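Asker: Here are the chains, one letter per residue:
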Amino acid sequence: MKKRVAIVGVGMSKFGELWDKSLRDITLEAGMYAIFDSQVSGKDIDAICIGNMSAGRFTGQEHLGALAADMGGLGHIPAYSVEAACASGGAAVRQAYMAIRSGEHDLMLVLGCEKMSDVNQSEAMRTVGVAADWEWEGLFGATFPALYAFMARRHMYEYGTTETHLAQVAVKNHKNAEHNPWAQFQKAVPLEVVMNSGMLADPIRVLHSSPISDGAAGLIMCSEERAKQFTDTPVYIEASTQASDTLALHDRRDICTMDAAAFSSREALKRAGLTIDDIDVFEIHDSFTIGEIILTEDVGLTQKGQGGRILEEGLTEIGGKYPVNPSGGLKARGHPIGATGVAQIVELVLQLRGDAEGRQVDGAEQAMAVNIGGTGATSIVHILGR
Amino acid sequence: MAEHGVAQIWRKIKSMYNIIGNRCTTCNTYYFPPRPVCPKCRRKGHLEEYKFKGLGTVHTFAIVRQVPEDFKTQAPYVMAQVELDEGAKLTAQIVNCDIEDVCIGMRVRSCFRRITEFGHGGLIVYGYKFEPTMKVTGHK
Numbered sequence: 038m039k040k041r042v043a044i045v046g047v048g049m050s051k052f053g054e055l056w057d058k059s060l061r062d063i064t065l066e067a068g069m070y071a072i073f074d075s076q077v078s079g080k081d082i083d084a085i086c087i088g089n090m091s092a093g094r095f096t097g098q099e100h101l102g103a104l105a106a107d108m109g110g111l112g113h114i115p116a117y118s119v120e121a122a123c124a125s126g127g128a129a130v131r132q133a134y135m136a137i138r139s140g141e142h143d144l145m146l147v148l149g150c151e152k153m154s155d156v157n158q159s160e161a162m163r164t165v166g167v168a169a170d171w172e173w174e175g176l177f178g179a180t181f182p183a184l185y186a187f188m189a190r191r192h193m194y195e196y197g198t199t200e201t202h203l204a205q206v207a208v209k210n211h212k213n214a215e216h217n218p219w220a221q222f223q224k225a226v227p228l229e230v231v232m233n234s235g236m237l238a239d240p241i242r243v244l245h246s247s248p249i250s251d252g253a254a255g256l257i258m259c260s261e262e263r264a265k266q267f268t269d270t271p272v273y274i275e276a277s278t279q280a281s282d283t284l285a286l287h288d289r290r291d292i293c294t295m296d297a298a299a300f301s302s303r304e305a306l307k308r309a310g311l312t313i314d315d316i317d318v319f320e321i322h323d324s325f326t327i328g329e330i331i332l333t334e335d336v337g338l339t340q341k342g343q344g345g346r347i348l349e350e351g352l353t354e355i356g357g358k359y360p361v362n363p364s365g366g367l368k369a370r371g372h373p374i375g376a377t378g379v380a381q382i383v384e385l386v387l388q389l390r391g392d393a394e395g396r397q398v399d400g401a402e403q404a405m406a407v408n409i410g411g412t413g414a415t416s417i418v419h420i421l422g423r
Numbered sequence: 007m008a009e010h011g012v013a014q015i016w017r018k019i020k021s022m023y024n025i026i027g028n029r030c031t032t033c034n035t036y037y038f039p040p041r042p043v044c045p046k047c048r049r050k051g052h053l054e055e056y057k058f059k060g061l062g063t064v065h066t067f068a069i070v071r072q073v074p075e076d077f078k079t080q081a082p083y084v085m086a087q088v089e090l091d092e093g094a095k096l097t098a099q100i101v102n103c104d105i106e107d108v109c110i111g112m113r114v115r116s117c118f119r120r121i122t123e124f125g126h127g128g129l130i131v132y133g134y135k136f137e138p139t140m141k142v143t144g145h146k
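First to last, the sequence lines map onto chains A and B. This note's numbering applies: residue 38 is where the first sequence begins, and numbers increase by one. This note's numbering applies: residue 7 is where the second sequence begins, and numbers increase by one.
Hints are computed from structural coordinates only; laboratory data are not their basis. A few of these clues could be false.
What the hints assert, rightly or not - Chain A side only, calculated, beta carbon under 10 Å to chain B, not exhaustive:
| # | residue |
| --- | --- |
| 1 | 180 |
| 2 | 184 |
| 3 | 194 |
| 4 | 352 |
Given the structure is predicted, the values throughout are model-derived calculations rather than measurements. We treat Cβ as the ideally placed atom computed from N, Cα and C, and that holds for glycine.
Isolated chain A (complex conformation) (with noise of 0.2 Å):
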């Protein structure tokens, strides 16, 4: 019989552009929530975990798990970093899962971190553009959003799916981000400011877009037994999957489905002994609108070509069947790319608790978090429980 994991604390920084806060500082931050909201102290932790793309290039600094060591007064405990672009934060997470389950580890702290304005514009789009495929994509002019673009146009060729679509999926997520302190944008945005927002490579336009963002988040996670001593309630990790596709778009066998999702997150609800009707919650990256249309499609909430029009019916709303990004995704909440797989778990774990205020999904006991790395190169799904 395997170990199985729990999750016993959860901590935040503000996601936004931080100009007064450094990458050390916002990790530091978000470890130590997580570590006060545990009841833990630092000599429990045997490892740490940290997700995180390019410090390298945003901020000049790598050796990240040694800096969250360090920075942390942890001592000589071995801490991992892990790169898997935008999925860096769930690649964290899995790591963790596996090593606390193997029996390698018993407690570790994982973290997810990323500090994007460090840079400019235009150098911070070069850097987002390296998670796809830069020598055969991105050298010859195609930007991350003209990546999306490519899925946009061609769904909406396909299924009908249609501009309105695009922008209600921001219209959603900023809606509920309305509710999430640590949220970037946490007010509304009418559908015409979004449908009128100018357009970054047609038809992605800069509200379907998730913004430049600073932020970290950070998770205890033990053993089971271990769980015990410190709360009554912990969150369990009841599944954790990855799974790969090709680096390039135009190398897909179809660019309006993310296979790896497909894959992930099948395999995930099998290893849990769930259907997808018996998720009540999820977190899915929708780094730009036309993605969370397509995952929700590749998780199955609704058949491929649908996912413009379930959000016409308010499937994906809290309160709907089944809701999606309560906590504002990856276009509200913001997306410092290697926190946003951690940001995800933490805000199902608030959910699973019934801490999430004013968006609260009632009675939540089962949630999953789809984190996309690339524009599906990889897919890291977990299914929580309680």
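With chain A held as given, fit chain B onto it using these hints.
Answerer: Below, chain B without anything else, positioned relative to chain A:
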């Protein structure tokens, strides 16, 4: 040590200038850029160099308006995924037409163009872009 980008581009010149990829003779699948391993056949695969004809169809596209620093002088421009007639897809600019005229399904052919410059006085990168075939042939 090479100047910024020089070795990185130089080693790709063959593929970038002439759209040279490869073909697995076991499963008859064409690859661009050339793959080191056929993902369908793996060790049973046999890859041979192949020069693509450079004809294809626009599979999807975007009009890029927020452009990278090295593409400032070209903005706005059309990026597309072109499905080559042999089956492989690649990502390239569509040129020699009004950006509003590009559509899914449009027939295109490759042309040799300047792709970008790595900053002022930096390396000039050349390679493939695509243009509509209809201007010459008079039909789609």
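Asker: For each hint, tell me whether it holds in the structure or not.
Answerer: For each hint, the structure was consulted:
Evaluation of the residue 180(A) hint against chain B yields a held restraint, the C-beta minimum of about 6 Å falling below 10 Å. Restraint check, residue 184(A) versus chain B: the minimum CB separation of about 8 Å is within 10 Å; hint holds. Of the supplied interface hints, the one on residue 194(A) holds, with its beta-carbon coming within about 5 Å of a beta-carbon of chain B, less than 10 Å. Among the interface hints, the one on residue 352(A) is violated; its C-beta lies about 27 Å from the nearest C-beta in chain B, farther than the 10 Å criterion.
The structure fails to meet hint 4 from the earlier list, while all remaining hints are met.
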